[in-house]
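Asker: Protein chains in written order, with the working numbering: chain A, 439 to 801; chain B, 439 to 801; chain C, 439 to 801; chain D, 439 to 801.
Simulated from the structure, these hints should not be mistaken for laboratory data. It is possible that part of the hints are untrue.
Note that identical chains are pooled: a pair holds if it fits in a single copy or bridges any two copies.
To be verified - Calculated cross-link-like contacts (lysine-lysine; reagent style DSSO-like; alpha-carbon spacing at most 30 Å): (1) K745 - K629; (2) K445 - K801; (3) K605 - K710; (4) K710 - K801; (5) K636 - K534; (6) K756 - K745.
There are 4 protein chains.
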Amino acid sequence: MGNSLGKLFTVTSFGESHGRCVGVVVDGCPAGLSLADEDIQREVDMRRPGTSPASTSRSEEDRVEILSGVYNGHTTGAPICMLVWNQDVDSSQYLKNRFLPRPGHADFTAFTKYGGFNDFRGGGLFSGRITVSFVMAGAIARKLLELKGIEVLAHTVEIGGIKAQPKETDEIRRNIEGNALRCADPAAAEKMLQAIEKARAEGDSLGGIIEAVALNVPTGLGEPVFDTLEGDLAKALFAIPAVKGVEFGSGFSAATKRGSENNDPFAIENGKIVTLTNNAGGILGGISNGMPVVLRVAVKPTPSIGKEQDTIDMEKMKPATLSTRGRHDACIVPRAVPVVAAMMATTLCDFAIRAGTIPEVIK
Amino acid sequence: MGNSLGKLFTVTSFGESHGRCVGVVVDGCPAGLSLADEDIQREVDMRRPGTSPASTSRSEEDRVEILSGVYNGHTTGAPICMLVWNQDVDSSQYLKNRFLPRPGHADFTAFTKYGGFNDFRGGGLFSGRITVSFVMAGAIARKLLELKGIEVLAHTVEIGGIKAQPKETDEIRRNIEGNALRCADPAAAEKMLQAIEKARAEGDSLGGIIEAVALNVPTGLGEPVFDTLEGDLAKALFAIPAVKGVEFGSGFSAATKRGSENNDPFAIENGKIVTLTNNAGGILGGISNGMPVVLRVAVKPTPSIGKEQDTIDMEKMKPATLSTRGRHDACIVPRAVPVVAAMMATTLCDFAIRAGTIPEVIK
Amino acid sequence: MGNSLGKLFTVTSFGESHGRCVGVVVDGCPAGLSLADEDIQREVDMRRPGTSPASTSRSEEDRVEILSGVYNGHTTGAPICMLVWNQDVDSSQYLKNRFLPRPGHADFTAFTKYGGFNDFRGGGLFSGRITVSFVMAGAIARKLLELKGIEVLAHTVEIGGIKAQPKETDEIRRNIEGNALRCADPAAAEKMLQAIEKARAEGDSLGGIIEAVALNVPTGLGEPVFDTLEGDLAKALFAIPAVKGVEFGSGFSAATKRGSENNDPFAIENGKIVTLTNNAGGILGGISNGMPVVLRVAVKPTPSIGKEQDTIDMEKMKPATLSTRGRHDACIVPRAVPVVAAMMATTLCDFAIRAGTIPEVIK
Amino acid sequence: MGNSLGKLFTVTSFGESHGRCVGVVVDGCPAGLSLADEDIQREVDMRRPGTSPASTSRSEEDRVEILSGVYNGHTTGAPICMLVWNQDVDSSQYLKNRFLPRPGHADFTAFTKYGGFNDFRGGGLFSGRITVSFVMAGAIARKLLELKGIEVLAHTVEIGGIKAQPKETDEIRRNIEGNALRCADPAAAEKMLQAIEKARAEGDSLGGIIEAVALNVPTGLGEPVFDTLEGDLAKALFAIPAVKGVEFGSGFSAATKRGSENNDPFAIENGKIVTLTNNAGGILGGISNGMPVVLRVAVKPTPSIGKEQDTIDMEKMKPATLSTRGRHDACIVPRAVPVVAAMMATTLCDFAIRAGTIPEVIK
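Chain A on its own, in the form it takes in the complex (with noise of 0.2 Å):
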């Protein structure tokens, strides 16, 4: 249980890391949205590695295929299942230290939760893998938001300890794939890039930041007390393997600050209220307020790194170590920005529909 995702947009993930395929079923899109294998290859092909110098170099090809819920170029109403077969990998290296958990991988709560019966050989579905699914299901969830003129833009923020400064939403669009990095400060991607190969010629990786925002948001998205925009995006973004933490608006720093400065003083702009900052991130009370969706999640450090780590063998119960070889990112961050953008999306779509803002029938 607990791989459906939705209320009335409903992704269903299915698949694993070394398995035969990755694949997602999306249940409640409207019938009648053009739709293509390459409108879903496009966003596919943009989370693959090798696109990037911070990335493994595997060769991966991802070829989408649409199964069902489409006709004639257009959505049905039915359900969409896509899915991306797996390419033969070598899986000796996993076979062999299947008892030898890596510390930050959920080899270990995986082995315990199911018994051992888990697919370890390549993390499962607790591989970075399984976010093919959740980018083929943003895919289509971005389609219908740009319906309605919503566009979900992501992007690195920081890696490493380096920050990027901040640009205008504009800067941010044209710059996002202007570097292997996905970060709108061409001089901050230079240095992140140097610590990226910093750390992995010493064996180890990097954590970051993702930023993403949401433009052309309507009023009124947001189901409180506890379906709150805020709570389903977060949920929707810990799904995400590495993901730690996750903030809207001034997040965090809020703690810092006093009402005075971040309460967002309210105008109006063209016969429309707005507010004159956005320290909410474009949400109040569990609901959105017109204004730019902004939310940043924390990424964590690629747990598989070559340097000799200390662990257990889990059948033997004693002490060892382990050093994961093999072509393994040193920085996830890059490759994570399209998968944010496509969990944000999904989520505001499901959103959109119960507010009727998307229609059942698209025409």
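On the provided structure of chain A, position chains B, C and D as indicated by the hints.
Answerer: Okay, now just chains B, C and D, sitting in the frame of chain A:
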């Protein structure tokens, strides 16, 4: 919709700040739990204003009534409805300012979403008062967790930029109720108090950070890939008004760490697998790993302040100013502490029931 | 768990027969619906015993109180909690027979499932009294449906083997409240009444069949393949104690028909697509087709009878006999009629909200 | 939306009759269950056309593929995706009649609900072919139930008005696969077969009734007041195309019985509490009572018939006639038998997991 939380231990909240009552229905509590009004009352009293000098001087008397689901001093397996009746309160200020949304508050989004039909008096269900419901539900959850030796502790770790020194668990447990700020570091508490008084005197307010720890959580709670322990905890916590960030373990600071620092090495202690550090906050792959579950929430400064603020008149669509009078907390962090503990307990309880840790009947 | 029903229009029931109250929380009612206690009271009064000679002579006075979700005579978008307080009732009979389960009743299964902690007095939440909750929720649903011209009619069509003659809709609407049996055929009602009196005199009880019809249901309600209109209606109806069968349109009689007889030919009337017969009961492929939705439920004879019956002593694990004394209905069919209407309305309302037929705000 | 069923054992269906495949994701299957393609194949083969003379002569070869959730011959705790690929089928008939809805079929409601974007070829997901998904999921449920000794039997009890004689459980179990009609009474089966041949020859079709029995169901499954065992079974069964009625135990015949006849007296047999009759169909108060769970479903005659029928042209909005050509079953009852068993098993399995009867890991 949106007022129910949890899959097997389900909490449905109702009531408003200035309506007749605030209440909750807890469905899925195992039969056989010893439960009396006082068990709930004790927890509700902890979030009452007036127990802390930092808080408003309103004297509310919230007498808990259990309306269903308990017979002969034990839960019956039927849904448990609990409520506190509201005292008559003066709504004149709200009636007067009906069309002037308070910056930082839900007034504007609620007005827009519900077409002006929302009960705006005292903020309706967007009031902090709704958290009485959360605490009532959490009181039951905590009793269930205690049966398995699981303990939830929450405490203030930062207010207005003043940070508490880290303390050992025993000291935290001992000190939480030792000062009005629910801060385990008495020296910091003293400074926080002064900062709050200063802000209050200036018609302003302060935010802060609350940490919560769950001890003796068994390995295996959490249902990835979507119903992760982090995700469902975060969703529950964002239901608390004013929470704008949630992080687990090293959280946002993981962004500046290397994998070799952030990974928690495994070891064996007393025949049990443990980690030597706890940067994971007790959660790996969305599943508890047997270490303490540690999280922090960012609480924004109370939006209701005495200082004059810019707003707009929603009816006349023109600029206006607003100064919130009345007895508002200058810092709600201390009062939010038991609420954070309640939401954490409620979520852990739901997962513990899913995992069979807590059985269908308590014997 | 299990006490909530509906996806967007969600009903959470609580309370027991001999506890403090019976109540319900309705979450997801659009804001702006005009609603007063009397709107609910009217419907609750219809299922009250004493309004029908067929029913028990207990004089309950069920005064409906709306505790939340309504302000200034309109719904606010917040959850609506409603309840009726129970009068003090004599539980001595139940205390005496605590370990003697009544044949045909939930006493045995509740005792076993809840480890003996269930509130057995009056059957606890397994009592027909719990349907006061259903009727209160249904009253709101009916008001919402009325806004769209959707009308739900329920009436008795068979009791103790005596069948009512089929009547036109107008006659049904007119006659339902014309006799104590809620039967549209006055002649049959007379015979049913005699049969009930005879059964009562012999310490026995009778079952029957209730038909419900929803008029002006738009085409398109229902969410196949699993959330079909039939499936969700049936689920809601089986929550009514004593219901043991549900059928739509030609129902079980379809088993004896040929396709050419049972298929409803399409035609065009007044520019609208209709069917010339309605063997489908207004539902094709789990989706409403614009014709009246027609269903029938089988109600078993009341299990509580005066006649001596064989049972067992659950404590001593030995045979025993039981004769249920007290004021029990000899036939609950007439009192179940408004409950069937309520559950049908509640389910239709949920689907109508999902389909956008009923908007988020009523203007 | 609406394509997922179940709370802890969750089935998500996808695929269409003339699309690429029909498949299902089963989430919540405990880890450690021995599972191979053949386990699923065996059950799917039973509903295949061609195994019964009563059925269409289409030769489909449905080869089951498990895509995820199984490793080393055992379930892993991850979601299990299974599918069968569709063979190329001729859709020309459907393309030609695109705007002529078949009476009794979902063509009209699907067209209206999905704005004409639905995949109408072969009925899309409204085709009986979708039940391959149900059977695949049911195959897993049956394996899980078997671990606890719970057995589900389904058989034809009526076709075209011809009723089978009641048989003992052993005889049912033995005879179900003894004839093409899956009828435990061979003499009746013979007559049913003749009736079907006659209907087919006349371009017509027949309906019938299927009975299903679950043996060794433990006491305590079901979660009243809304998630009753009857309610959730009925909801699952109404997802089967052509089902128009569901009853439990004495069902609709209870309407003609007295309480003293219909109540099942309790007794003690071999130290266990039983009932001497089973008019309750194994369910009291929505909870299993330890007796066999017995239900019956009414299956309408197949709507696709050769005889000319009146319909309308939805595009031109004028009357039309239609004669469905092609290889359609003259009676789908025998092929629906394994589907009824599958849906019953799926629902029981969900409740058994909720009750802890089936554990999180199979050892």
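Asker: Hints first: check each against the structure and report whether it holds.
Answerer: Hints and how they fare:
1. For a Cα distance limit of 30 Å, the shortest separation of K745 from K629 inside one copy, 23 Å, qualifies, whereas the shortest one across copies, 44 Å, does not.
2. In the homo-oligomer, the alpha carbons of K445 and K801 lie at most 30 Å apart both inside one protomer (23 Å) and across protomers (26 Å), since each shortest distance falls under that limit.
3. With identical chains, the CA atoms of K605 and K710 are at most 30 Å apart within one copy only, with a shortest distance of 25 Å there and 49 Å across copies.
4. Proximity of K710 and K801 under a CA criterion of 30 Å is satisfied in both settings, with 28 Å inside one chain copy and 21 Å between copies.
5. For the homomeric pair K636 and K534, the shortest alpha-carbon distance inside one copy (29 Å) is at most 30 Å, but the shortest distance between copies (62 Å) is not.
6. Taking the closest pair of Cα atoms, K756 and K745 come within 30 Å of each other only inside a single copy of the chain (20 Å); across copies the shortest separation is 62 Å, beyond that limit.
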